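Chemist: Now for the letters of each chain:
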Amino acid sequence: MYELDDTITAIATPAGVGGIGIIRLSGAKALDIAQKLLPEGKSFEKKRQILFTPFRQPQTGEFLDEGLLLVMPGPQSYTTEDVVEIHVHGSPLLLEKILELLVTLGARLAQPGEFTYRAFIHGRLDLTQAEAVEALVSAQGDASRRQALRQLTGGLASHLEPMEEFLKSLYLKIEARLEFSEDGIPPLDQAKFEQEVEGVRGELQKLLDSYDQGKVLREGLTVAFVGPPNVGKSSLLNTLLGTQRAIVTPLAGTTRDVVEGDLRLKGVRVRFFDTAGIREAENVVEVEGIRRSRQVMEEADLIFWLVDASQPNESLNEWKSSSSVFEDAQAAGRVWFLFNKLDLVGDKEPWKKFSQLPTDKCLGFSCETQEGLFQVLKAVESFIQTPSGGEDVVITSARHKQEVERALAALTNLKGLMKSKQPYELWAEELREAALAIGRIRGRDLPAKAFEDIFTKFCIGK
Amino acid sequence: MSFVSSSYDVLVVGAGHAGCEASLACARMGLSTALLTMNPDTIAKMSCNPAVGGLAKGHLVREIDALGGEMAKATDATSIQSRILNRTQGPAVWGYRAQCDKELYNQRMKHVVTHQPGLTVRQALVKRLVVENGVVKGVLTEVGEEIRAKAVIITTGTFLNGLMHIGDTQIEGGRTGELPAKGLSAHLIELGLEVGRLKTGTNPRVHRASIDFSKTEAQHGDEEPLPFSHFTTTFPLQPQVACYITYTNEQTHQAIRDNMARSPLYSGVIKGIGPRYCPSIEDKIKKFPDKDRHQIFLEPEGLSTHEFYLNGLSTSLPLDVQYAFLHTIPGLERAEIVRPGYAVEYDFVPPTQVSHSLETHKVKNLFLAGQINGTSGYEEAAAQGLMAGINAALAVKGQSPLILGRSEAYMGVLVDDLVTKGTDEPYRLFTSKAEYRLLLRPDNADLRLMEKGYQLGLISQEAREALLDKKAKIERGLQGFRTRVLPPEAAPNEALGLVAKDRSLKLEEALRRPSVTYEGLKPFLPTDLLFEPPVAFQIEVEIKYEGYLNKQRQEIQRQARNENLPIPHDFPYLEVPNFSREAREKLNRIKPETFGQASRIQGVSWGDLSVLLMAISRLSKEQAEVLAKMEEQD
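Chains as they are written, first to last, in our numbering: chain A, 762 to 1223; chain B, 61 to 694.
Treat each hint with caution, since some may be false.
Derived pair list, reagent style SDA-like, types lysine to any residue, alpha-carbon separation capped at 20 Å [claimed, not checked]:
| id | chain 1 | residue 1 | chain 2 | residue 2 |
| --- | --- | --- | --- | --- |
| 1 | A | LYS1182 | B | GLU606 |
| 2 | B | LYS351 | A | SER942 |
| 3 | B | LYS611 | A | ALA1170 |
| 4 | A | LYS1180 | B | ARG573 |
| 5 | A | LYS1182 | B | LEU556 |
| 6 | A | LYS1176 | B | SER575 |
| 7 | A | LYS1182 | B | THR148 |
| 8 | A | LYS1182 | B | GLU569 |
| 9 | A | LYS1180 | B | THR148 |
Just so you know, these hints were derived from the structure itself, not from any lab.
Computed from a predicted structure; not experimentally measured.
Make a model of the complete structure from these sequences and hints.
Modeler: Quick look at the structure:
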């Protein structure tokens, strides 16, 4: 049920891509939390106002978006509490990301109708509008529930249902032994039980990890262009984007900074980073540029190592002496070797001369003639199809993540209880908590009938 | 022709476990009360097995006692075997359980009710109620006597149109050897109440001398048994005896399978729904065909009777089949049946028709308690009887009812489940139905409820002073454990699992370790932290479970606003637009008293709840003012 003492947040605009997206915060900490999204040194007073401002990730300083901040201190607000609205571009990924950030900053995800509930409880409800609002709220509640269910297509729903059922069956095993200790139910096989708990715990952990793996779906894919100077990294970027983003000159070492451009592939945002040529740098600016290149390489989902097909040895020598960061990436299958300037050579598969190159990760193209560019895009796309190396169950929403974390924490507690031989009544608390959390992802409470399953699973009653 | 014979403040119809508690509560709260029974010799009969308590039920009995009821005292006085179930699984799931001498129990309770000042026990079979302008004014008996009262509590158990089945033999009656109460349910329907039908079963009783105990395992009570009642000082009072365990086998199952068609349960004769937690033996064999044996408890029904109750063999099979399958069971090969097992069907009033005070929505000052509300079990009946008695008395006095929350007592969980969710089988309480199980422990029933009992006049001044003293000691003890450090002599200590560097631990931190108990620390504690066992127990549980308990307390706090947000009783659900059809129908029927209760009704969605909230606000400005006040108090 609704709580009142904390700060709640929710995306206020309809699900899906829209021109603008609004996130609303209400509660005692609303202003403080919003403050943290502003760039360092920027602050606002506690008065009714609208600010145009960049929003940033407070820990990393990462730029999120630019937009409006509407400050409405209580009691002159919808809920009579301090309310803040964040208006940004309407990308679901961006909104979800900001929402998640607000939760880590101390807000709680609101339940359907909860803003209205607060408005009512605080006596602020505009009675003349009540009729309209109540129709809207009830419609919206149902629509968003359906929306939530639709989100759970395929993998996640079919993964969660058996998990919830299994947690419930573990819970019932304990309850049956508590409630019907006289009914001749055989004692619990604790070793097996611990194994079963460990099994679900592992699955939950995997699910939680998938949240990070699901980053591609949520935040998009990053592709870094790396390689020695003048192999055509900036040219490839410009060709792919069809613009003149990077400064391109035939002089080696022109691109001193990380240059970014993005496009949409299969509905996912793909960001390309053109890095400074990796080579022994002499001047300071270039040293900084190289440092940043390495950082991008470390964070990129995909690395395109560019090779000049007309001088492959020179390009590849540099690859051999490159960093461990690169080796790790290669081991993870995140590195592709792209041979540029194919128009200048006769051999259309020049990588075959280098036995150490994985042929399935090599492509040839020419920025001049545009040949092979389609295959390059295909390579990026293929990575989107399997964002997490074949793992098909992915959680993408902050709310789901929160519940999985709760379930996982409960099972971790349970593990401790089992180890220190604590009584069953505590085990039951943790199992119930875990089953409830997973049930909430599926949009349902542990049904009142759950306990009654005991009667079909155990022969009970004197 | 009828005549008005006399008038009372409160009439209680039916003298079972609910009726006794109800009438005692009213009389003890100072109201003139009459307890009407078909037979003053069958007061507080144990119709099923002569045992009180068990999981959740034992919790209820402790609560009844803390609130000033009688069941715990009667059980302690007549207990012939006493055990605590689940003793190793934590204090919240301890199941106090006692085997009673059924004759002594019935005599004891009869003595208490007949000697209670202000309470008259009278023989009467009630046919109709006297209702004027929607308010009950008394009852009309089968001999034309009209007895007037300001409130009436109906506690008729299984007697309303009771029909017993043994095979295809049907006998009208509420309990073996006794008449049914006919006419009253038809009258309740006339008054606009809906009536349903339930079924329950009993087990055969056999003669002690016909049992070969050498083929069974004896099961003894606890060596140091604990009494139910907070007020029992000497315990046990009766000689303690054993129960015995035996098992069915394939032959037993075959004998039953061969005759399944002759069971009225399967021939379609019995229409009422039976309890799944108390299935008949024929049900168990049908539903769990792979189970090769079922456990049977042989329970003595008393010290002087020779009857043994065969717990686990509830049946309505014909008598010849009962004999046939009994004789396949080790120890029962020559068993002589004293009373056959039988099923009984009876009318009940689906409990969504009463409010939390147990007063009917339809008729003012008419209260229902016990099996008529669809429950089973002596304890569930007694708990409702006590609550109905208290609330009828408060109604007569013009005071607001006592409603216990789900976070306060199992009695609250029981009543809220009944009036909010209803039931379609005989309802039994389980500890897992309580959201806050770790807080609602049998050991702290007094701390939770006794003050309320005192305020009602059901708990003595003396008991209340003892309670206050106990609370103060617990507080002092907790304070000591939270602020003081482990005495250096206590560590290292192998038995306690403490090492030398644990010397800097606070006492509470040491006690929180699984290897450390209050008893273990006792030799090292300063004298002002030495307490009698009940106080020490509270300190120990509070500290060891602190994390869990605080989490549940916080949850209760969070829910408090919803639980305290009232909905007007006459709320016009049918006129408010935007409810879903299911929600509208259920809300209108159940008439939730608070927003919290509305949220627990199945089929009422978030959207419906939002609509409800806003409609309340529109309807009642007064309501908004109440809310504003609640706001200020926070």
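Chemist: Please flag the earlier hints that this structure goes against, numbers listed from lowest up.
Modeler: none
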